[in-house]
Amino acid sequence: MRFERTGNPNNLAEALRIGQQAADTIPPEHPNLAILLNAQSNLLLCRFEMKGSIEDLDQAIDKIEEAINIIPERNSNSAVYLRNNKADLDKAIRLLGQAVKTSGTGSMLIPSLQNLGHKP
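Residues 53 to 172 in our numbering are what the sequence shown spells out, letter by letter.
FYI, nobody ran anything at the bench for these hints, they're computed from the structure.
Don't be surprised by glycine CBs; every beta carbon is placed ideally from N, CA and C.
Fair warning: there could be bad hints in the mix.
Stated by the list, open to error - Simulated restraints, written as ranges between beta carbons of each label pair: (1) ILE106 to PRO83: 16 to 26 Å; (2) LYS103 to GLU81: 14 to 24 Å; (3) ASP114 to ALA65: 13 to 23 Å; (4) GLU107 to GLU66: 10 to 20 Å; (5) ASN121 to GLN73: 20 to 30 Å; (6) GLU81 to GLY104: 13 to 23 Å.
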């Protein structure tokens, strides 16, 4: 992401604007909608970490929950979305357990957990 390289908050704002525009125009049944929502959630979390705005954190949670609600239960990528839900610790623990149970053996979930609880 350009923002990570430059640190320019305008790049982050532009990415959020374009992501929202894409999510607003894509049909609700499109298979990539969950990917867009996940990306928006990650961008909002990045902005939350930069500015500390609870509104950004709340929006990030809303976006990832929306993504979780539209993916099929046995989707091989569901673990990726479920591990990103940060609504609260109890919910995150429950969702992570669900992600582990529903992910296949080829899932990227296990490698993605290596940084659990670690903030770079």
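Outcome of the hint check:
{"no.": "1", "hint": "ILE106 to PRO83: 16 to 26 Å", "in the structure": "32 Å, violated"}
{"no.": "2", "hint": "LYS103 to GLU81: 14 to 24 Å", "in the structure": "34 Å, violated"}
{"no.": "3", "hint": "ASP114 to ALA65: 13 to 23 Å", "in the structure": "18 Å, holds"}
{"no.": "4", "hint": "GLU107 to GLU66: 10 to 20 Å", "in the structure": "19 Å, holds"}
{"no.": "5", "hint": "ASN121 to GLN73: 20 to 30 Å", "in the structure": "21 Å, holds"}
{"no.": "6", "hint": "GLU81 to GLY104: 13 to 23 Å", "in the structure": "36 Å, violated"}
When each numbered hint is compared with the structure, violations occur for hints 1, 2 and 6.
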